[in-house]
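Protein chains in written order, with our numbering: chain A, 1 to 483; chain B, 1 to 466.
Don't take every hint at face value.
Stated by the list, open to error - Think about it this way: if two alpha-carbon atoms lie no more than 30 Å apart in a straight line, the pair counts; the simulated DSS-like pairs of lysine-lysine are:
(1) K168/B to K293/A
(2) K48/B to K168/B
(3) K64/A to K432/B
(4) K173/B to K48/B
(5) K390/B to K419/A
Stated by the list, open to error - Covered by chain B, per the in silico footprint, the following chain A stretches (three or more residues, Cβ under 8 Å):
(6) 327-338
(7) 375-388
What the hints contain is simulated information worked out from the structure, not anything from laboratory work.
C-beta: ideal position from N, C-alpha, C; glycine also.
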Amino acid sequence: MSKYHNFMQKPLSRREMLDICKGGFGSLALLSLLGPLPLSCGQSERSIINPSSNLNLGPHFLPKAKSIIFLYMDGGVSQVDSFDPKPRLTKENGEDPRKKFKVDATQFDNVGKILKSPWEFKQYGECGMPVSELFPHIATCVDDIALIRSMTSQFPEHTNANYFLHTGSGLQGRPSMGSWITYGLGSENKNIPGYVVLDGGLIPPGGLDNFKNGFLPASYQASILRAGPQPIANIKPKESIPNLQEQKLSFIKALDKKQLAEIGEVDAVESAISNYELAYKMQSSIPELTEFKEESKATKKLYGFESDDPHTRGYAAQCLLARRLVERGVRFIELTCPKVSADRWDQHGNLKDGHEKNAHAVDQPIAGLLKDLKSRGLLEETLVVWTGEFGRTPFAQGSNGRDHNPSACSMWMAGAGIKGGTIFGRTDEYGYRVIENEVSVHDLHATMMHLMGINHEHLTFRFGGRDIRLTDVHGHVIKDILA
Amino acid sequence: MELSILLNTGVTENPSDILIFFGRIHPLVVHFPIGFLILAALVEITTKWAKFQPLKNYIHYLWGLGSISALFAILFGYFLSLSGDYNENTVFLHKWSGVALFLFSSICYYISKRQIKLPFYGKSILILIIVFTVFYTGHLGGNLTHGSTYLFEYAPNSIRSLVGMPKKEIPRKKVTVLDSADVYLDLISPIMNNRCVSCHNQDKKKGDLDLTSYANLMKGGENGDVIIPNDTEASDFYRRITLPESHDDFMPSEGKKPLTKNEVLLIGWWINNNAPSNGYFSQLNPDKEIISKVKNILGLDKNSLFNKKVSPPKKEIIDSLSNQGFILNKLMKDNYYLEANFSLSEKSITPKGFETILQLKDQLIWLNLNHSNITDEYLMKIGQLENLIKLNVSRNNISDKGLMHLSDLQNLESLNLYETNVSDSLLTVIPKLINLKRLYLSGSKANDSIINELKKKNEKLRIIFD
């Protein structure tokens, strides 16, 4: 044993073994007294690919969705300017909000006057869902969209709210929802990771910990791809002599295996071996994936490849890549926002300019994605989720911005198992607080898992002495938006 | 003085609110005498040991506290009984055993205080009687609040038979075939159980009506019969469930969830068919409409495939298909329905090898052959996979000739023909797929007139074509 000795798991001594097991004997006896109990929770419930069989163990029940595309609107889109029209803001524009309702403490404590939306709303589709001028393209898809106007967060600040939305906990270090889902279902494609983040240029505050595996095995962390000629660093082999790379890799693998045989099962080493293998396969699978040669001009145009705005073109490439990943059996794909000249959706000032730039970048590509998925028949087995980490205040920060508002946020879902054209939840007359059917982040996670065929209460991992789940002890499936 | 006013007003027909208010404190107060008296009995026993001897000097306080709290419990219990919501016989026994308990514990207080010696284990017998009375009174009280079946509801059958209760009812098996549905037991009775019996049962008989069994239903309530066979107009039951919800007589009352339209329709149909107590539903000559409603209520309109269990697939077949490039996924935990996906395969498939898939005929419900170089020939085989619910053959060289083979797929709900060469044969095949809900035709050879024709034939079918 080398100096790394202390980092490796040591084998148990007889005394330690007995010490650990002593409580177990009693509880085993108790269990047999109590008769058959459902043992699902905490048992190795995850449906991993069984190495001894070619049959993949699937979800808990018949799923609606096979993949999720998570369109992350980093920074927090203003609900009253996008999907939740509030005529009262127009009527009382410029008045003091403190005289109208109780104003909570805000992030920057710079409460201005009530601020009407700079954009007009119109009703769209057979369902008549109102959408603002910010999203003229998404507005054409409302009959496939279930809108939730009553999302809330527990945190008024980006980093915590991001962790909360991505991992179900406001603190750093928990496994991301994509990790949980790939942990539960595995990946269909052996050449591409099951959880992919398509980086548009902005990594959300909180950094890569939003996409980490936490205490889950390391092979379930996200792989980050950029849309462009070099989607992953070092994707082209550096070795000039053919076979040299293969020989190197098999040598490393042999060393790792030898080490593994000595020290027993260690996740870090096991995951390293499988990650090397996957990375090798990705050298051929990723270039094929990211070159859009076989995509028709009409398809590219639908996504916005012909736009004048470089950010629209960039996000269009991300969206098209997302569809191609869905076709290749990837379970969870998150798109982060493009880096437009006006910061993320976080308009503390210059609301009009910033929101317009951000909306212009994502609107057409998202609508294109929904339409393309639909005509290919992929939308019936793909769940598309569009959300920010929280909403914004109905009153101004300073003169023309909006501050963070965790008490109300609009988000939508479309696709597999979703009842299109529904509006769920309600905010007060100012769009400041939720007054009906509040949806928590845990409810959102529970619903996403439900559509993937997972019972969120049964997908657990033992860590720190407890069977932990993505939704912790919370979460209810939002039945009203399901078809 | 005030107490006597309170008591006097209690004797009248409607007890005043304040009395009922005090009465409802009874469930709280009763626990004091239970605790004190049992503690007193315990201390009496422990004082037999020398170590606890000193406690003897204080025991009379415990008996005193028990006796006083019993008095309060009796008083509040009396107020509660005035509301008249309880079974009279049980209230009578409960009341007088409570009074006895008060008397016995007062005696105990007296003899403990005066340190009187009773002859022949007198005190021990008295204490034994007190403990027994505590349990007996408490049990009666429990029966009054929770109902007499509460305690043994989940007891094993052996214990239930000891106390003279019938064996636990075995719930009726879920109906999987319409022909096996009993008209009362499987259709009417579940509606009653869901919507009515929480207020109309043996213990809580609102309007003197008990809906837990056919016999009791037919006995009617305080206004006479509620079901008049073959006459919905005269049946008070039917009248009340069909009134506008805001009407005073509407049932279920107090904002409880009303019956669904289908349930109301079914009850009306049942009354008009002589309201039989049993017999198979399908032998009563139901018409098409009522059959479809009943199927909906029983959940038989959903895909009936999932009502049966399929056997696990053979390992050789899985291995063989997997070697050819198929990915096979189990779709649920408690059954062996499978998905086969060839769209990710790097190999191509031969017609001969494809035949293996027929051996998964029972298990296979989803099949994805997107962009897999399959031709009409393969569709002949696919047409035999009769359990398929979802079929994706998009982006393949498939023509009308091949599509014709699919017309027997009666379970098919989703058919993806994106970028294929199908056209006119759609008009023949699609109407035969009675369960089809979604059809993808973008990029196919179909045209607007075909699409309109298809829409006309099946209005519920969603066709995606652009």
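We went through each hint and held it up to the structure:
1. Between K168/B and K293/A the CA atoms are separated by roughly 68 Å; this puts the pair beyond 30 Å, and the hint is violated.
2. As the CA atoms of K48/B and K168/B are separated by approximately 46 Å, the hinted pair breaks the 30 Å bound.
3. At most 30 Å may separate the alpha-carbon atoms for a hinted pair to count; K64/A and K432/B meet this at roughly 25 Å.
4. Restraint check: the Cα-Cα separation between K173/B and K48/B comes to about 59 Å, which exceeds 30 Å; the hinted pair is violated.
5. Proposed proximity of K390/B and K419/A is supported: the alpha carbons are some 19 Å apart, at most 30 Å.
6. Remark: the region 327-338 of chain A is confirmed as covered by chain B, as 3 of its residues place a Cβ nearer than 8 Å to a Cβ of that chain, reaching the required three.
7. Proximity of the region 375-388 of chain A to chain B, defined as three or more residues with a beta carbon under 8 Å from a beta carbon of that chain, is established by the 4 residues found.
In this structure, the hints that do not hold are numbers 1, 2 and 4, in rising order.
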